[in-house]
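Participant: Residue numbers (numbering that gives the first Met the number 0), protein chains in the order written: chain A, 0 to 496; chain B, 0 to 195.
These aren't lab readings, by the way, just hints derived from the structure by calculation.
Misleading hints may appear alongside valid ones.
[Claimed, not checked] Result set (PhoX-like, lysine-lysine): computed pairs, CA atoms no more than 25 Å apart in a straight line:
#: 1; chain 1: A; residue 1: K304; chain 2: A; residue 2: K316
#: 2; chain 1: B; residue 1: K125; chain 2: A; residue 2: K217
#: 3; chain 1: A; residue 1: K264; chain 2: B; residue 2: K77
[Said to hold, decoys possible] On the chain B side, residues computed to face chain A include the following (Cβ under 7 Å):
#: 4; residue: R20
#: 5; residue: Q21
#: 6; residue: F24
#: 7; residue: E27
#: 8; residue: A29
#: 9; residue: S85
#: 10; residue: K90
#: 11; residue: W93
#: 12; residue: M94
#: 13; residue: P95
Computed from a prediction, not measured in an experiment: that's the story for all the values here.
All C-beta atoms, glycine included, are put in the ideal place defined by N, C-alpha and C.
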Amino acid sequence: MATIKIKATDGSEVEFEDIIIGQGGMKDVYFSPDKSYVVAFFRDKQDFNAKDRLQNITGIYRERIFNQIGGDYWKELYCWPTKTIEHNGKLGLVCPTYQKYFFFAVGSINNDMLGIKGKEKEGKWYASAKNQNKFLAPQERGNWFNYFQVCINISRAVRRLHAAGLAHSDLSYKNVLIDPTTGRAAIIDIDGLVVPGKFPPDVLGTPDFIASEVIKTKHLAKNDTARCLPNIATDRHALAVLIYMYLLYRHPLRGGKVWDTDPAKDEDLSMGEKALFVEHPTDTTNRVKVSDLQPSQLPQGDPAKIPYAVCGPYLKKLFDRAFIDGLHNPCNRPSAQEWEDALLKTVDLMQPCQNPNCWHKWFVFDNTSKPKCPFCGTEYKGQLPVLNLYSSRKVGSFTPEDYRVMVYHNQYLYAWHVNRNLSPNEKLTAGQKKPVGYFVFHNNKWLFVNQTLTDLEDKTENRKIPIGQAVELTDGKQILLSKEEGGRLIVVQLANG
Amino acid sequence: MRGEPIEAIRVGLETLVASLRQDPFALENAWLSVITFNRTPQPILPLTELETLQIPAIPQPEAAGTHLGEALEFVCKKVDAEVTLSSPERKGDWMPLLFVMCNGKVSDTQLFSQTVPLLKRKHFGKIVACLVGHHPVTENVRQFTDNILSMDTADSSTIKTFFEWVSTSVSVGNRSIGATDELVLPPPPAEMNAII
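Chain A with its partners taken away, still in its complex shape (with noise of 0.2 Å):
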């Protein structure tokens, strides 16, 4: 196998071996000799727009991102192209080698029957019940959790994206990466970034992400105005699927009804013109017909058994939002940055179950006095500390935020609980990632113990808790975590009591 030796357009060095080991939907993929990066050639020829279109991302865009402070975090959430090369009149990328964690360790069942070991963690292997249930080896699947903190790393990339003006336009469980086993997630084939107005797409998505206005428009000439083609607004859309997707393993959009008898025309109107969601609370022309379903889809595959709710009440908002309003109205699409905050507070909300073997491991507390697993069914035993924050907007006043947290055996409590202006983002310093305390259920008590807040006082005892002792959850006890700007008070409740 022969090594190739030019010049990147920067004039730096880059070496390929000269084997096709991927093929993309418009690249051909060549290892470096040291796999540490990858060379990826277009097979058509790259007119000036689109190679300007590459410098730019390679450049500017890419400086943009990574050359701020904080800018390191965002290497592992991107596989962000690094240079531009040209080698036999094709036009090409180097890009990073995929982090290691998104090649299977383990793969699928019975010894890996499908050989997958060491291929890509494509999401499509998550995002279907039915490889799920069928082939992935345990070991692979994470648990409920996990897909939450997937969800989490796609939506911030998203967000950063879109704050740069920028848009993925093929936005995909084929373009991202993601590990169940860690809840990280990167994305990739980003030089078909959109730039509105500069730089125009020039694919229209993957199926089952492609917004409805781009699928009903398609057959319209690429410069008629009325002319849909991706853009900020339709990678929102994608992001919601993807995210409906990993959390209930199932496409919102495809349910039982048929709205064509040619599958062609039937798939464009369903995802197109007719596009309606197979949860919508009074339309139930498109519920999924259990009858269609295979038996290694159940249950996660039927709604009726579970539904959208189960995510909780802050996402299923943004979902009634996307899927609903949102869905033929591009502009009420929840935002990148609305995903994100609605993920985190309703992590927080979430719960080990208490069932070992639970296939879900988590669930979302349903916000009743008798809380169970909506998945296994079963039913929380003991007591059950709710926490519901204030904050404060003028010294001695807390007003409620909307922001409970669940609390469980082990589970700490971090800066962005302590205080609103915070949140769990790139921007927390790495003194914020730090825990400042943990709650624990001992002698049959539910405590807090105090790790580093200097302010913590049990406000119904009047008593200041110091670093390293603990304070009761009792019902009604307030707890005051911290005096500072946007500083927060706890409430106490204790479900199931």
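Given the structure of chain A, go ahead and fit chain B onto it with the hints provided.
Facilitator: Leaving out everything else, chain B in the frame of chain A:
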């Protein structure tokens, strides 16, 4: 075809199944059926879900003759019997893809001419003809498809490359789609010559 190319096709089919099984989209959706033909068509693998299927031995042809017409007629019947069409109440199967491997010759000309219009009405997602042999005939297969590939030398590695390409063609359903409406197949492998 006799001898090595037949064995190579079997190995190629195994490669095809193995690589399709590694594609989560194909694994969830694709079914495969294999029909051989000489004077008579013979289904050697009924339409089977990917996860369970095993490629059987392909019998060496005993009779001479290339009854492509009869083979295509058989394919039409199989499509009628096995592909579930959409009804107003129930979604049907996706349009099938048909890959025809032959030397392009037709011994049953009359039946072939009658069958081609039938075949074209069957709503295949795509029909691809792959011509094998040193002097393949293109004008017959051109009557039912414009996607004609010619393999210069039908040795086992070429055939393996072909089936790897078939596998990417099957998984093309979940690839990014361009601004055109047609199902776009990936470019054929280097050893093949697409005849335009």
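Participant: Take the hints in turn and mark each one as holding or not.
Facilitator: Results of checking the hints against the structure:
1. K304/A x K316/A: holds (20 Å)
2. K125/B x K217/A: holds (21 Å)
3. K264/A x K77/B: Given that 25 Å is the threshold and the Cα spacing comes to 23 Å, the pair holds.
4. R20: This hint holds: R20/B lies near chain A, its Cβ roughly 5 Å from the closest one there, short of 7 Å.
5. Q21: holds (5 Å)
6. F24: Since chain A brings a Cβ to about 5 Å from F24/B, closer than 7 Å, the hint holds.
7. E27: At 5 Å from the nearest chain A Cβ, E27/B passes the 7 Å test, so the hint holds.
8. A29: violated (12 Å)
9. S85: Since chain A brings a Cβ to about 4 Å from S85/B, closer than 7 Å, the hint holds.
10. K90: holds (6 Å)
11. W93: Given a least distance of 6 Å, the restraint on W93/B holds.
12. M94: holds (6 Å)
13. P95: Violated, about 10 Å.
Violated hints for the displayed structure, listed by number in ascending order: 8 and 13.
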